[in-house]
Amino acid sequence: MGVLVWLIIPLIATGAAVVYTTWAARDRKAGDAAEVAGYERFREAMQRSHSGSGSA
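Letter by letter, the sequence shown follows residues 1 to 56 of full-length UniProt numbering.
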């Protein structure tokens with residue numbers, strides 16, 4: 001029985017790796033446009049907040 005357990009563990013790990021690989025390599029429908037636009041807004045806001053701080 002112990003031999004079967006040691007045989008099943010790598011099979012389960014291989015199955016999990018296959019499932020994860022298929023999930024990670026899937027085609028994503030949504031593009032990066034929303035994330036890029038949000039990042040640009042963030043950069044602009046940070047530049048505005050730092051440009052008005054002046055020197056101490």
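Keep in mind the hints are simulated off the structure, nothing from the lab. Since this is a predicted model, take the numbers as computed values, not measurements. Careful: at least some of the hints might be erroneous.
So the derived label-pair ranges between C-beta atoms look like this [claimed, not checked]:
#, residue 1, residue 2, range
1, Met-1, Thr-21, 26 to 34 Å
2, Glu-44, Thr-22, 32 to 40 Å
3, Gln-47, Arg-26, 49 to 57 Å
4, Ala-34, Gly-2, 32 to 40 Å
5, Glu-40, Val-3, 56 to 64 Å
6, Val-36, Gly-15, 45 to 53 Å
Here a beta-carbon is modelled for each residue, glycine too, at the ideal position from N, C-alpha and C.
Going through the hints against the structure:
{"no.": "1", "hint": "Met-1 with Thr-21: 26 to 34 Å", "verdict": "31 Å, holds"}
{"no.": "2", "hint": "Glu-44 with Thr-22: 32 to 40 Å", "verdict": "39 Å, holds"}
{"no.": "3", "hint": "Gln-47 with Arg-26: 49 to 57 Å", "verdict": "36 Å, violated"}
{"no.": "4", "hint": "Ala-34 with Gly-2: 32 to 40 Å", "verdict": "52 Å, violated"}
{"no.": "5", "hint": "Glu-40 with Val-3: 56 to 64 Å", "verdict": "58 Å, holds"}
{"no.": "6", "hint": "Val-36 with Gly-15: 45 to 53 Å", "verdict": "36 Å, violated"}
In this structure, the hints that do not hold are numbers 3, 4, 6, in rising order.
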